[in-house]
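Trainee: Residue strings, one per chain:
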Amino acid sequence: MTALIKLTDFSVSFSTPRGDLHAVRGVDLSINKGESVGIVGESGSGKTVLSRATMGLMPSTATCTGSVEFNGVDLSRLSRKDLRNYWGTGMAMVFQDPMTSLNPVRRIGSQITEGLIVRLGMSKEQARGRAIELLDRVRISDPFATMKKYPGELSGGMRQRIVIAIAIACTPELLFADEPTTALDVTVQAQVLELLAELRQEFNMTMLLVTHDLGVVAGQTDRVVVMYAGQIVEAATTKELFKNMKMPYTEALLKSIPRLDQQAGQRLKVITGRLPDPTKPEPGCAFAPRCLYATDKCRSEQPPLVTTQTGHQYRCFFPLGGAN
Amino acid sequence: MLRMKTLKLILIRLGQVALVLLGATFFVSILVRQLPGDIAYMINPTATAAERASLRHELGLDRNYFVSYWMWLSPILRGDFGFFIFGGKVLPVIKSAVPPTLQLIFYTQIVALAVAIPLGITSAYKQGTRFDRFISTTLFSLHSIPNFGIGLILSVLVGVKLGIVPPSGYGRISDGLLQHFKFMLLPVMTLAIAPISSYTRLLRSEMIATMREDFVTLAKSKGLSNVRILFRHVLRPSSITLMTSAALSMGGLIGGALVIEIIFVIPGMGTQLAKAIGAREFIALQSYVVIVATFYLLFNTIVDILITFVDPRTRNRHA
Ligand SMILES: Nc1ncnc2c1ncn2[C@@H]1O[C@H](COP(=O)(O)OP(=O)(O)OP(=O)(O)O)[C@@H](O)[C@H]1O
Ligand code: SF4
Ligand SMILES: [Mg+2]
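These protein sequence lines map, in sequence, to chains G and X. The first sequence begins at -3 in my numbering and counts up one residue at a time. The second sequence begins at 65 in my numbering and counts up one residue at a time.
Worth flagging that the hints you see were computed from the coordinates, not collected in a lab. Yeah, the Cβ is synthetic: ideal placement off N, Cα and C, and Gly gets one too. Wrong hints could be hidden among the right ones.
[Said to hold, decoys possible] Quick list of the computed label-pair ranges, beta carbon to beta carbon: (1) Pro182/X x Ser119/G: 53 to 61 Å; (2) Thr167/G x Gly79/X: 40 to 48 Å; (3) Ile174/X x Ser56/G: 22 to 30 Å; (4) Leu74/G x Pro182/X: 48 to 56 Å; (5) Gly79/X x Lys77/G: 53 to 61 Å; (6) Ala(-1)/G x Gly192/X: 31 to 39 Å; (7) Pro182/X x Asp218/G: 34 to 42 Å.
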């Protein structure tokens, strides 16, 4: 199998008034065509930055180092303009918050047809027809009326379906879904996830599903990458991960899976303590201050990312169930 | 459905205008009564006691507030703006003084927007560059000079020294369009500097803030060009704020225009107001205030309604 996207020693930092903020640190990640990979981690662990920076959608305050190869092309060497040619058609993204990711003063129709006209060279009429198909495909009940509406007239769930329609409009090879359901009601969450899974099959897309919820990952992905403080701390096939969890952090995350009786957007904080300050990297394991199993060694020395024979990766001196 | 809703909205707004006008004029009529001393004496110091009493009676000053207010208001509602104490009707003066003032305000607004929009867009797009800093420093320095100062400088420099356009005066449109605009050039430039500066800064900061919005990143992620994103996605939401601010500045602009008229000797409402104050023409003064207040409120209302059409976000708020 060939890697569709391959990150090598990829880091992102922001220059802030408080000093350099290291949001993503030395990530190596390779995703094959057709795979569905989950990125899991609590709020602030760098998931959004990682996915946006992979696409190249970063503000000017961000510095990215390392390489991103898409279909064998090193994107970091491309000019802004050449990179743009990959957006929409090569890679596309479903954003985290449907309330802020649609332009409030433009009609839904024009927001969907825009990419089709500009990127695929469709005529206005063709694009309109395709947009209506897309709206129908993401199960918007009245596509014709919805085309004329403004985002403010629609519910969060409908907006997210529209954001999905925009993302898949130019049939991208790789779809980033950045917590596509976090801002939605529980019942809508399941529907949107199901829709994404269907579309992935239908359009033969590779998907990177970002979430803070291991429960979502379980049903949707082939492989899981767990992030903590900007680093990959564990990676394995989904099956392997749930069967043979290595990281104390992943275990803690698992215990914080939200249950059905909870409100949307409500975040659990089962893991006590907070993420380390990303402007002040600590010498030892980033999770040490919160880890139940931490020793002096953990506090003074960085654990390396270990890869087992089965391909399971983890970053811990004292993995759960021992090193096997 | 939508039509009915908008119609209702417009009617409500107009009703509000009528109410505010009623309140404002009542306030003015009380204010005039509260002036120290005997108004009848101020109007005509040589009048006998009997004459003054009859003048007070005519003005309704010997009745209670409401009656005298009504005595003053009811002719105005019929379009009768009263007489000058020293002779002549007020209405023809208003009719000839309103157009120059309105022209001044509209031209200024148009010039200010025409200059500020491209400047604001470019500064936002080139934020932090030499161009951006040059524009903001220049506008800031110009803005810090008071209106009448700029007016006098322009009048002397461009009008007298260079002699390109007349330093002061006014030409009616009917007397030649070119001449009309030549007369208007300096006062409009003078008045426009402050709004150009504030609109440019507003649009710039508004656009920079909008560029950080998620929906702009999403637009980017569709692979659109920067120019397209700037004009299609950033400008529209930002320009709504600009329009609102332009609308709100109408009131200030009226005030500015009234002063500038006096400097450039334009026979508009400002000049007439100054004359009326100097000549103690209280009846005319009250009528002028009504006119100015009416225009002020109408401007704000019209723009308010327009914004409702342009900004779908406000439309929902009323729904
Ligand atoms: N534009 C930016 N400028 C400075 N710091 C940023 C910027 N964007 C993100 N960060 C910082 O980078 C870190 C990672 O943020 P990120 O948004 O990737 O977290 P996340 O894992 O997506 O969290 P969430 O689940 O809340 O979305 C945080 O410390 C955040 O404050
Ligand atoms: S290295 Fe130590 S502190 Fe870090 S996760 Fe493993 S046990 Fe916990
Ligand atoms: Mg995020």
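Trainee: All hints are to be evaluated individually against the structure, with a verdict given for each.
Mentor: To see whether the hints hold, each was checked on the structure:
no., hint, in the structure
1, Pro182/X x Ser119/G: 53 to 61 Å, "31 Å, violated"
2, Thr167/G x Gly79/X: 40 to 48 Å, "54 Å, violated"
3, Ile174/X x Ser56/G: 22 to 30 Å, "35 Å, violated"
4, Leu74/G x Pro182/X: 48 to 56 Å, "31 Å, violated"
5, Gly79/X x Lys77/G: 53 to 61 Å, "55 Å, holds"
6, Ala(-1)/G x Gly192/X: 31 to 39 Å, "38 Å, holds"
7, Pro182/X x Asp218/G: 34 to 42 Å, "52 Å, violated"
Consistency with the previously given hints fails for numbers 1, 2, 3, 4, 7, ordered from lowest to highest.
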